[in-house]
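**Q** Residue-level listing of the chains:
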Amino acid sequence: MGRIILTPIITGKAFVLGDNIDTDQIIPAQYLTFNPSIPAEYKQFGKYALSSVPPSQAGLPQGHVPFHTTDEFVSDYTIVIAGKNFGCGSSREHAPIALDAAGIKAIVAEFYARIFFRNAVNGGYLVPFMCKTRLCDAVCTGDVLEIDTAAAILRNKTTGEEYRLEPLGEVGPIIDAGGLFSYARQQGMIKT
Amino acid sequence: MTAMTLSEKILAKHAGKPFVRPGDNVWCNIDILMTHDVCGPGTIGVFHKQFGRDAKVWDKNKVVIIPDHYIFTADVMANRNVDTLRQFVREQNLPHFYDVGTDRYKGVCHIALPEEGHTRPGEILLGTDSHTCTAGAFGEFATGIGNTEAGFVLGTGKLWLSVPATMRFVFQGNLPPYLMAKDLILAVIGDIGCDGATYRAMEFDGDGVYALDMEERMTLCNMAIEAGGKNGIIAPDRVTLGYVDARNKSKIAYEVVKSDPGATFMVEKVYDVTKMQPVVAKPHSPDNKAPVREVQGTKLDRAYIGSCTGGKMGDFRGAAKILDGKTVRIDTFVVPATSEIARQLKTERIGSRTLEEIFLAAGAKMGEPSCAACLGGPADTFGRLNEPMSCISTTNRNFPGRMGHKQAQVYLASPLTVAASALTGTITDPRDFVG
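Chains as they are written, first to last, in numbering that gives the first Met the number 0: chain U, 0 to 191; chain L, 0 to 434.
Hints in this document: simulated from the structure, not taken from any laboratory. Even for Gly, the Cβ is constructed at its ideal location relative to N, Cα and C. A couple of the hints might just be wrong.
A few chain U residues facing chain L, derived, Cβ under 7 angstroms [claimed, not checked]:
1. 21
2. 83
3. 121
Working from the sequences, and respecting the hints, build out all of it.
**A** Dropping the structure here:
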């Protein structure tokens, strides 16, 4: 929290998911007993991130791709590509936390459920980009992606394709600041 | 003055502005912040980290803490989380804490809030739970937030909110005896999809809504989030004010707000409730709607009657009417939402027997008031689906793994449909049992 997540370039391997990936799939309720404000427990969320996604839907297009490969807490993937309504369901901030703890720096979805989007932005965990192109049908799990955050362009280094992302708009300054608290301090709304 | 909807008017007032329009981002003063045992410890952690270990909350009378999720479990971490709440309440001297193991213990936060007088028309209620939108039934703007936002509100009493465009759903006519609010909202979600109201307010209106009691109105608003809605809301009427005034122990003043004539609704859908029929949401999404008649006969392993949308007195009256004098064919779990409802089940009668006696005589298992298996939880949670079984449930959400096992099949339905199905062991239309 409060760290800079909007680096000029975000690059890494894509993990591709479909539509309506809800918060129970992102982090099942049985793991919510961990307290994310305790660093040792924050790490645990990374281990269980995306653990309830049905296997056939995990790592599209082929599916049945494990999200964790070499490390049980941190994934080798850096960018999640998804379809519609990513993060629907519960208000649990544990959802963007789990993805952050697993090493995800950005998500690119068609659109988000609003509480997930707010949690990602206000908590400053990762950058929730949106793209009008249905990238979950165009990008394959394992493709190497590069997001130019200022230009709002996603380049698929594996295929050479390039996609325009939606501007971050009014939440841009909050993401840029690193979350709600950093933003409010910048604006003088709360004292340091 | 330009006309505004109910939700717009509440946000404008709390932002100190004469007018807001959909898409505006405004900083609002918050009337009530609610948190519970799952998101409370994280919220408290954010508050301490950002404002300091000795910081005080912005207004202790406006903070409500209701442990309800993982309560009757041996899970050490879950119990530690309730201890974290207790310590914070002691440090901050918070008056509105409903602790486990005391006479004040309530159960499910969304039902406890109105029972304890924390919901009032015209206010903004934020809670660290997506079903916080339940309280829109009382004519207030109520929505779910995360830990960081809740930590911010604890310290400042403010939060930025985007003004949602309002979708209006009008229900006309009187509800037939075989339908409940759950059927109405599942029909709406099925029609617009589980993302159909994303970033929108859902305002419910029409004589069919005003004929409902507060519990049924809460069920309607509760599931706005299952269509992606930011809030569900119903303008207050005499029924609302009767409930609120009877529970508003501190006599806190409130303002009755309604949508202006000529306010802009981005969508308006009209339903004739007399022509609607019992429905279920099939696995694995609340928008996977089917009329009960279409899926009747589907084999079930379990029935579950409980949660914020199925564990209220009206829900149990409906279920008991069907179960009275009969025996369930499958494991049936009954979980009152709150301790007040649990007590009432022991006193309210149909004929000579209390509702609790009717459930027990029918072979159902009774649980303690809490969220219980609605969201799975620790493995020893009452009613949790620990196997890949098929369950019909009065709860509000059925994404994969929601009630426990990832491969469990969960059908959402009204308490009438669940009770009828418990008697046959297959999905059953309540019209087979009630007129």
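**Q** Should the interface hint for residue 121/U be scored as holding, given a Cβ-Cβ cut-off of 7 angstroms against chain L?
**A** holds (5 angstroms)
**Q** Is the interface hint for residue 21/U satisfied, with its Cβ closer than 7 angstroms to some Cβ of chain L?
**A** Since the shortest Cβ distance to chain L is 4 angstroms, the answer is holds.
**Q** Given residue 83/U as an interface hint, is its Cβ closer than 7 angstroms to any Cβ of chain L?
**A** Cβ of residue 83/U sits 6 angstroms from chain L, so the hint holds.
The structure fails none of the hints (numbered hints given earlier).
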